[in-house]
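Here is what each chain is made of, one letter per residue.
Protein chains: 2
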Amino acid sequence: MRVRDFSRPTTLNPDRLFGQVAQKLAVAIITGRVRAGEVLPNEDDLRSEISVSRTAYREAVKILTAKGLVEARPKSGTRAAPRERWNLLDPDVLSWHFEADPNEKFIRDLFELRRFVEPSAARLAAQRRTSADIARIEAAYRGMTEGAPYAEATIRADMAFHEAIFAAAQNAALQCLASAVIATLQWSLLLKTGDEVAYVESLPDHEHVLLAIIDRDGDLASARMAGLVIDSLNTTLASLGTHVATEAGKIAKIKHTK
Amino acid sequence: MRVRDFSRPTTLNPDRLFGQVAQKLAVAIITGRVRAGEVLPNEDDLRSEISVSRTAYREAVKILTAKGLVEARPKSGTRAAPRERWNLLDPDVLSWHFEADPNEKFIRDLFELRRFVEPSAARLAAQRRTSADIARIEAAYRGMTEGAPYAEATIRADMAFHEAIFAAAQNAALQCLASAVIATLQWSLLLKTGDEVAYVESLPDHEHVLLAIIDRDGDLASARMAGLVIDSLNTTLASLGTHVATEAGKIAKIKHTK
DNA sequence: ATCTGCGATAAAGTCATACGATAGAAGCGG
DNA sequence: CCGCTTCTATCGTATGACTTTATCGCAGAT
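Protein chains in written order, with numbering that gives the first Met the number 0: chain A, 0 to 257; chain B, 0 to 257.
Think of the hints as simulated: they come from the structure by calculation, not from any bench. Hints are all accurate, no fakes.
Note that identical chains are pooled: a pair holds if it fits in a single copy or bridges any two copies.
Heads up, simulated SDA-like pairs for lysine to any residue below, C-alpha to C-alpha not over 20 Å straight-line:
#1 LYS74 / THR54
#2 LYS104 / ALA171
#3 LYS23 / ARG78
#4 LYS23 / PRO40
#5 LYS74 / GLN19
#6 LYS104 / ILE229
#7 LYS23 / ASN12
#8 LYS104 / GLN126
#9 LYS104 / ARG127
#10 LYS104 / ARG32
#11 LYS74 / ASP14
The model shown is predicted, which means the values in this text are computed figures rather than measured ones.
Please construct the entire structure, taking both the sequences and the accompanying hints into account.
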């Protein structure tokens, strides 16, 4: 009997030493504290923050290299890479963005991606879904309706809903984007916390998507999903505007409760 | 004056020891020689193939961990991860797929992704392009027309054409998919080598996309790009069928001339 | 004075070794 | 047959030494 490990969405082990160092460096790069210049905090950080051995530090750097955040050249040093090289859609890189400030432009970009990708995924799901897929999507939807609007279980159900649709699309490449979509979704849900009206109003939209998929109506599923994403973007931007306008610190607090 | 390094598409340095080990392990996992079970070839590989130290081996494993190919649990061992966890859109992971057999389903999946993403990118490019973007796309197109059909320079120009369109879309998240699209494109071009008719016929289609972007006509650019991708998929599948039908070894040979 | 080339040098890369921690297996006793 | 203890394999971390690579600067040649 295989036990699925839902408790660890990212592959990177955060309670391991190299993971902490990797995250620390990553956040420093993403926030822009370290530019595309040389990574200075290496030796400094080693001595000041936590004294880690070269082993742990190097493994952290290897992880960042693999995700495109840094480039190590033998003589010239280990530099932070320009943003174009980052694997922005990597789950870990996205989660590190959570730690940094939520950049509005980037949120817009992610939603734009959702807007292009999710309707297509819904269309494929409608065309290819099995009964098992339906059961999974339905279960997620039920989870969304049962819990309190922004309770942890409800948020999980929302994410599961979208993920299940990606899974039903039967496309491995597309599936990789699911993690990015989920992260975007989680982000927006955390920002929107409190706006119960928006959440409740989105429930029928979710159900309509589900029904279209059950009916194997690709066009309809696509259109309805597109509407869902656009609505989500609008309410998210509204919440973001509020947050930014009123008190920037609030966002940091929300992140903390994650 | 900055020198752009075109010779290294992947961030992972392949002439470094850890890079070689990483690639060797990655290919073993991707081809399926190592299943989702425990990674056995570690110590074996260490002794037989090339005797590398634990340092190099561990750093290779860290890279694979970062890309989702393996999961290292503190004491139970380092296992190959199930395919759902792989970051299939990571440039390195894609390039490792090149080394393995070209799986037809996966090629279809990638083309499907292109079909969803590239028209959208073309639309955004049409809406947001600057004159610099136009110059870049135009230069790439010229490069496609000037060289011989499947010459290296021509293939590069083709890839540059599509990449420039992504860049013009001004969306960082979307931009990350460019590498995946480029890899798919390169793959298909290598498969199609010899089919000069298909290439020449695709030139006007490329020009039409360019013109629509110049005209800032998003709908048209999107539609034309969609047509382009579909045509490309069809000719690629045709070539693939031929290759598979006649001689499988040919593909390996083509890959070698890369 | 500019260019060429070679050596000094700094940083990453590699190796060997050691120790700690613990999950999982093996062995032991009830 | 079951539960406890012990044992071992394997990952994580630390340390020191050596190798490789590429940059920089100086010296010599053109």
